[in-house]
Structures are given as structure tokens and as C-alpha cells.
Amino acid sequence: MIGYLEGKIIKVVDDFVIVLVGGVGYRVHLVPSLAGQVQEGSNIKLYTHTYVKEDALSLFGFSKFEELEAFEVLISISGIGPKLGFSIITTTSIDDLKQAVLNTDVSVLTRIPGIGKRSADKIMLELSSKFKVSSNLKNILFSPEDDLAIKALEQLGYTGDEARKAIKKAGGKGSLEEKIMTALKGLNDNK
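Note that the sequence shown covers residues 1 to 191 in UniProt numbering.
Note that these hints are calculated values from the structure, not bench results. Heads up, some of the hints might be wrong.
[Claimed, not checked] Pair by pair, the computed Cβ-Cβ distance ranges are:
no.: 1; residue 1: Arg27; residue 2: Glu145; range: 33 to 41 Å
no.: 2; residue 1: Gly81; residue 2: Ile18; range: 20 to 28 Å
no.: 3; residue 1: Thr159; residue 2: Glu54; range: 21 to 29 Å
no.: 4; residue 1: Ser76; residue 2: Asn103; range: 41 to 49 Å
no.: 5; residue 1: Asp95; residue 2: Leu20; range: 31 to 39 Å
no.: 6; residue 1: Ile10; residue 2: Glu145; range: 13 to 21 Å
no.: 7; residue 1: Arg27; residue 2: Gly79; range: 21 to 29 Å
no.: 8; residue 1: Pro32; residue 2: Gly81; range: 28 to 36 Å
no.: 9; residue 1: Asp14; residue 2: Leu156; range: 48 to 56 Å
[Claimed, not checked] List of simulated lysine-lysine pairs, BS3-like, C-alpha gap at most 30 Å:
no.: 10; residue 1: Lys185; residue 2: Lys169
no.: 11; residue 1: Lys185; residue 2: Lys122
no.: 12; residue 1: Lys83; residue 2: Lys117
Values in this document were obtained by computation on a predicted structure and should not be read as measured data. Just so you know, even glycine gets a beta-carbon here, dropped at the ideal spot from N, CA and C.
When you get a sec, could you build the whole thing from the sequences and use the hints?
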């Protein structure tokens, strides 16, 4: 499978580009925000997902590895193919998707064309269980800095669940030390 491409853009079309790598042109679908920023003749680096179907081979490109991970989690859910998964990544930010899963907020998904209330409920249920069981996906729920803060709280004797809830409640702003202090204050207020 092709997981990463680095090359020169030789053609830009609405939702895809052709990237020249070693004399071979790869057609790569891009999210509109990225497709609008690239120009023919420029170099590009993309994390890619190779989708293979009996009648198609498609590449989906992302500028951030986190987006690729989220996309791959989405398409692992029954009923979500690459087009709908790509639409979800395109329509909502990774941070909004994280918060939606943490808060079980299906409205983030129902805004997306092709997803109704029932489908959104099913997707949300599967996403929450996938986030819990996959250690590789903890980065989707918490930033690396948040993970450090959680580990620091665990070293102070708090359980992983208590630490995660406290960091989530503390919010994403501020330095590592400020997050830990805010989380500790919240934990002490609850006792």
C-alpha cells in the first residue's frame, strides 16, 4: 500500500491532484481546503490511504498524519466508505470530531450530507468504542501535550480515567504546567 507520497504537482483538478513521483503520476484525492492551496509545479508531501476495490484503486491524501488516522478509523466502520469518510473529514475538523465523540454529540455528524440521525448514532457508538480499544488512536482524542499532562496526574496517584476527565475539563489552552495545575484544582474541588 502507498502510505506517503512526496513529489511535484503536475495537475490540479477540483478534488484531486496528479503528483509526479519518480516518473509516475499518482492521482490523489485531497480535502478541498488543501486542494485550494496547492498549485501546479509546486512540491507536495502527503500521507495517503490506498483504497482498493475490485473495480477501483484510489489514493486519498492528507497533509497531517492525524487526519489520515481519523479517516482510517472512519472507513473501518460498517457503512462508511472512503467517499463518506472523506466527506466527514472535509466537513468537520478533527478537533470537532474529537469533541463530538467525547460528548456523544451526533449533531456534528448530521450536518454532513448523507448522514441522518440513525446513521449518526451508529457511527458515534462505533467511534467511541474504537477510540477506547485502540491505543494507536489515543492521539485522536488527546494532543501529545495532553497525554503528558495525563501521565503526570497518573504519577501523582490519580487513575487514568480521573486524569483524562480532569484534562478534558481543564481545556486545551495554556502551557503543560497550566493544564496540570487547572486539572489538579478541578480534582481537588471534587473531593
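Please verify whether Lys185 and Lys169 have alpha carbons no more than 30 Å apart.
Since the Cα atoms of Lys185 and Lys169 sit roughly 11 Å apart, the hinted pair holds (cutoff 30 Å).
Can you let me know if the beta-carbon spacing of Pro32 and Gly81 is within 28 to 36 Å?
18 Å, violated
Please work out if Lys83 and Lys117 have their alpha carbons no farther apart than 30 Å.
Answer holds: Lys83 to Lys117 is near 19 Å, not above 30 Å.
Beta-carbon spacing of Arg27 to Gly79 - inside the hinted bounds 21 to 29 Å or not:
26 Å, holds
Please check whether Arg27 and Glu145 have a Cβ separation lying inside 33 to 41 Å.
For Glu145 against Arg27, whose Cβ atoms are near 37 Å apart, the range 33 to 41 Å holds.
For the pair Thr159 and Glu54, does the Cβ-Cβ distance stay inside 21 to 29 Å?
Because 47 Å falls outside the window, the suggested range is violated.
So does Ile10 sit 13 to 21 Å from Glu145, Cβ to Cβ?
38 Å, violated
Is it true that the CA of Lys185 sits at most 30 Å from the CA of Lys122?
Given that 30 Å is the threshold and the Cα spacing comes to 36 Å, the pair is violated.
CB of Asp95 to CB of Leu20, is that within 31 to 39 Å?
33 Å Cβ-Cβ, so the 31 to 39 Å window holds.
Cβ distance range 20 to 28 Å for Gly81 and Ile18, holds or violated
Cβ of Gly81 to Cβ of Ile18: about 23 Å, so the range 20 to 28 Å holds.
Taking 41 to 49 Å as the hint, is the beta-carbon distance of Ser76 and Asn103 inside that range?
22 Å, violated
Using the beta carbons of Asp14 and Leu156, state whether their distance is inside 48 to 56 Å or not.
Given range 48 to 56 Å: holds, Cβ gap about 52 Å.
The structure fails hints 3, 4, 6, 8, 11 (numbered hints given earlier, in ascending order).
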